[in-house]
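Using the sequences plus the hints, can you model the full thing?
If you're matching them up, the sequences are chains A and B in order.
For the first sequence, the residue numbers in our numbering are 1 to 275.
For the second sequence, the residue numbers in our numbering are 276 to 574.
Bear in mind the hints are in silico, worked out from the structure with no lab data behind them.
A quick note: this is a predicted structure, and the numbers were derived from the prediction, not measured.
Take these hints with a grain of salt, some might be off.
[Stated by the list, open to error] Simulated restraints, written as ranges between beta carbons of each label pair: (1) A/Arg33 to B/Lys477: 24 to 32 Å; (2) A/Lys55 to B/Asp531: 49 to 57 Å; (3) B/Lys548 to A/Gln57: 15 to 23 Å; (4) B/Lys400 to A/Glu241: 30 to 38 Å; (5) B/Cys453 to A/Ala262: 29 to 37 Å; (6) B/Arg547 to A/Asp130: 32 to 40 Å; (7) B/Arg547 to A/Glu65: 49 to 57 Å; (8) B/Asp531 to A/Asp253: 17 to 25 Å; (9) B/Lys408 to A/Gln57: 38 to 46 Å; (10) B/Pro331 to A/Gln233: 35 to 43 Å; (11) A/Val17 to B/Leu364: 28 to 36 Å; (12) B/Lys548 to A/Asp29: 28 to 36 Å.
Glycine is no exception: its CB is placed at the ideal position from the N, C-alpha and C atoms.
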Amino acid sequence: EFRRTTEKESMAEEAAVALLRRMPPAHLDKNLRMLASLVPDIIEDLLQEVDQPLKVQKCPKTKKEYLICDYNRDGDSYRSPWSNEYDPPLEDGAVPSDRLRDLEKQANDLFASYREAYYEGGVSSVYFWDLDNGFACAVLIKKEVTEDKGVQKGVWDSIHLFQVNEGPKSTYEQTTTTILSLASKDKQKVQVSGSLTRQAEAEHEVKNVSQHLQHIGDMVQAMENTVRASVDQVYFGKAQEVTSHLRSKMSLDVVGKQGDLAAALKMQLARKNAE
Amino acid sequence: GLQSFVVKNNMSLTEEQKKDIVKHFVKFSPAKELQSVVKSVKKLVGDAELMKQVLPEACHDHNTFNLIAVSVPDSERKVVLSEHNEKDLTHFYDPVGGKILEVDHEKQEVTGVEDAEEEDTDIRKKMQEAADKYLKEHFKGGAIGVYTTKPKDGEEDDCKLWSGVICIGNEVRNKNSCWSGRWKSTFVVALKSESDGKVTGKLNDHVHYYEEGNIQMESSKEHTVEISGMKDEAALLKKVIDTIRKLENDFHTEIDAQCSGMADYAFRSLRRKLPITKQLFDFGSSAHKLAGELKGKEK
Numbered sequence: 001e002f003r004r005t006t007e008k009e010s011m012a013e014e015a016a017v018a019l020l021r022r023m024p025p026a027h028l029d030k031n032l033r034m035l036a037s038l039v040p041d042i043i044e045d046l047l048q049e050v051d052q053p054l055k056v057q058k059c060p061k062t063k064k065e066y067l068i069c070d071y072n073r074d075g076d077s078y079r080s081p082w083s084n085e086y087d088p089p090l091e092d093g094a095v096p097s098d099r100l101r102d103l104e105k106q107a108n109d110l111f112a113s114y115r116e117a118y119y120e121g122g123v124s125s126v127y128f129w130d131l132d133n134g135f136a137c138a139v140l141i142k143k144e145v146t147e148d149k150g151v152q153k154g155v156w157d158s159i160h161l162f163q164v165n166e167g168p169k170s171t172y173e174q175t176t177t178t179i180l181s182l183a184s185k186d187k188q189k190v191q192v193s194g195s196l197t198r199q200a201e202a203e204h205e206v207k208n209v210s211q212h213l214q215h216i217g218d219m220v221q222a223m224e225n226t227v228r229a230s231v232d233q234v235y236f237g238k239a240q241e242v243t244s245h246l247r248s249k250m251s252l253d254v255v256g257k258q259g260d261l262a263a264a265l266k267m268q269l270a271r272k273n274a275e
Numbered sequence: 276g277l278q279s280f281v282v283k284n285n286m287s288l289t290e291e292q293k294k295d296i297v298k299h300f301v302k303f304s305p306a307k308e309l310q311s312v313v314k315s316v317k318k319l320v321g322d323a324e325l326m327k328q329v330l331p332e333a334c335h336d337h338n339t340f341n342l343i344a345v346s347v348p349d350s351e352r353k354v355v356l357s358e359h360n361e362k363d364l365t366h367f368y369d370p371v372g373g374k375i376l377e378v379d380h381e382k383q384e385v386t387g388v389e390d391a392e393e394e395d396t397d398i399r400k401k402m403q404e405a406a407d408k409y410l411k412e413h414f415k416g417g418a419i420g421v422y423t424t425k426p427k428d429g430e431e432d433d434c435k436l437w438s439g440v441i442c443i444g445n446e447v448r449n450k451n452s453c454w455s456g457r458w459k460s461t462f463v464v465a466l467k468s469e470s471d472g473k474v475t476g477k478l479n480d481h482v483h484y485y486e487e488g489n490i491q492m493e494s495s496k497e498h499t500v501e502i503s504g505m506k507d508e509a510a511l512l513k514k515v516i517d518t519i520r521k522l523e524n525d526f527h528t529e530i531d532a533q534c535s536g537m538a539d540y541a542f543r544s545l546r547r548k549l550p551i552t553k554q555l556f557d558f559g560s561s562a563h564k565l566a567g568e569l570k571g572k573e574k
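What follows is the structure, encoded as structure tokens:
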């Protein structure tokens, strides 16, 4: 069912995205529900544009856990990457082509090992779907920890989207959104949450279709390690920095006097050097 | 998905429900982003008449909830908007200037000034002087309001000398660096006598960073401190300010400490820097291995 978006709907969607970028990330679920009732016509498109923390479901056939998102959804059903079947069952739900399904099976096993190596737990899922000139895939990872070492709750979600154009040289366009949420309750409540999105591109000669997995895997790893390295600054450093612009722990009187002293000393030294 | 759920349950909203949604989004606008949020909400609601009806109240609620400071015309001073100095939706008492300020809540500006009937009191003036000095020492910008309040029923004895609220509000925003922040704290002060009193503080710090997405930090704390054995009124008022200083410094220090702590935690419990092998995960050999297995199956 293809329905052309009207200009009015486009504007509303743009406004919704802009609004959600200002609202507390911790309220995202509630805010999406409010938007669904306020502007129901745009909610389908909006859900595709806005990244939400991933939800976990259990495959009824294999009993293994998998992650649900828009990329394995058809109507109100979700496709398990383990069984390739929909839950609740669908007569003819969208599935990847045979060659992509093979790649998808390999990918889920491969990324399960990757996930174990870095996250030591958590859940991962990979979904492929066909495109005209190649394929797209989503690599998803979720890790959640509760009540451990003074942290009330910590959640890490990685959502990697790839668009691969196949040819003598295949191009890979990557968009990765990392959603992090940490809340502590020790002596006072501190909560940090939100998402950041980055992109990368690569080009490789591909002689054998499973080489795609190596390239996608390398890009996932490189991006996650870069993001993780900047998490400290982006999530926590920024919070401390902005707070220091709001308030000074040390009396500004003292800071001012220190500044005056430093300036006076500088002047004295300059005079001395001139002599 | 959500849309089919909404349509199935015929969830079309009443005017009141739409207004509640508007008020919710406006209330949670980050520091100095109110006008941007209002702009987005107007486009989403698509009903100018409804917005005209709900915006003054929505913005009022935002401003008093967040202790927004407005500039007093022809003056360097700023006045904190709070429920404690509010006369009605758009009028607020400025005890320092002895005026009633008329406020445009959407613009966060003063649009009119009238003389106030109430008279200031000595003790409130002294508290204000000490509070102003404290603000200058710890905040670049922002405002501090000292508002006399009526004691709650049954608590009159605890406030024989003075009951009031000290509100601090500060907002900063750097558009180029894509961040904004808000500090708001309220201290309910009950002075029983020249030697005893109680300070109950509610503190809140909120940061929004949106360069590559939407990241927000919020910390809050509530704490009561009893004061006793002060030798005179001057010592008591000084002690109230010292108590506020300590509450805010402890709160501020804890934010810094927890931010550092959580960064460590994220690395150790959520995702490692590298696998335990200290080597990158090798997608190459694994992929080849699986390709080989697949080829084997095809034979």
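Hint by hint, here is what the structure shows:
1. For arginine 33 of chain A paired with lysine 477 of chain B, a C-beta distance near 29 Å keeps the hint of 24 to 32 Å intact.
2. In this structure the hint that lysine 55 of chain A and aspartate 531 of chain B lie 49 to 57 Å apart at CB is violated, the actual value being about 34 Å.
3. At roughly 30 Å, the beta carbons of lysine 548 of chain B and glutamine 57 of chain A sit outside the given window of 15 to 23 Å.
4. In this structure the hint that lysine 400 of chain B and glutamate 241 of chain A lie 30 to 38 Å apart at CB holds, the actual value being about 37 Å.
5. Distance hint for cysteine 453 of chain B and alanine 262 of chain A: a CB-CB separation of about 31 Å, consistent with the stated range 29 to 37 Å.
6. In this structure the hint that arginine 547 of chain B and aspartate 130 of chain A lie 32 to 40 Å apart at CB holds, the actual value being about 35 Å.
7. The hinted range of 49 to 57 Å is not satisfied by arginine 547 of chain B and glutamate 65 of chain A, whose Cβ atoms lie roughly 21 Å apart.
8. Our hint of 17 to 25 Å for aspartate 531 of chain B and aspartate 253 of chain A holds, since their Cβ atoms are close to 21 Å apart.
9. Taking 38 to 46 Å as the suggested C-beta distance range, the pair lysine 408 of chain B and glutamine 57 of chain A does not conform, at roughly 59 Å.
10. Checked against the hint of 35 to 43 Å, the pair proline 331 of chain B and glutamine 233 of chain A passes, with Cβ atoms roughly 40 Å apart.
11. At roughly 32 Å, the beta carbons of valine 17 of chain A and leucine 364 of chain B sit within the given window of 28 to 36 Å.
12. Between lysine 548 of chain B and aspartate 29 of chain A the beta carbons are some 31 Å apart, a value that agrees with the proposed interval 28 to 36 Å.
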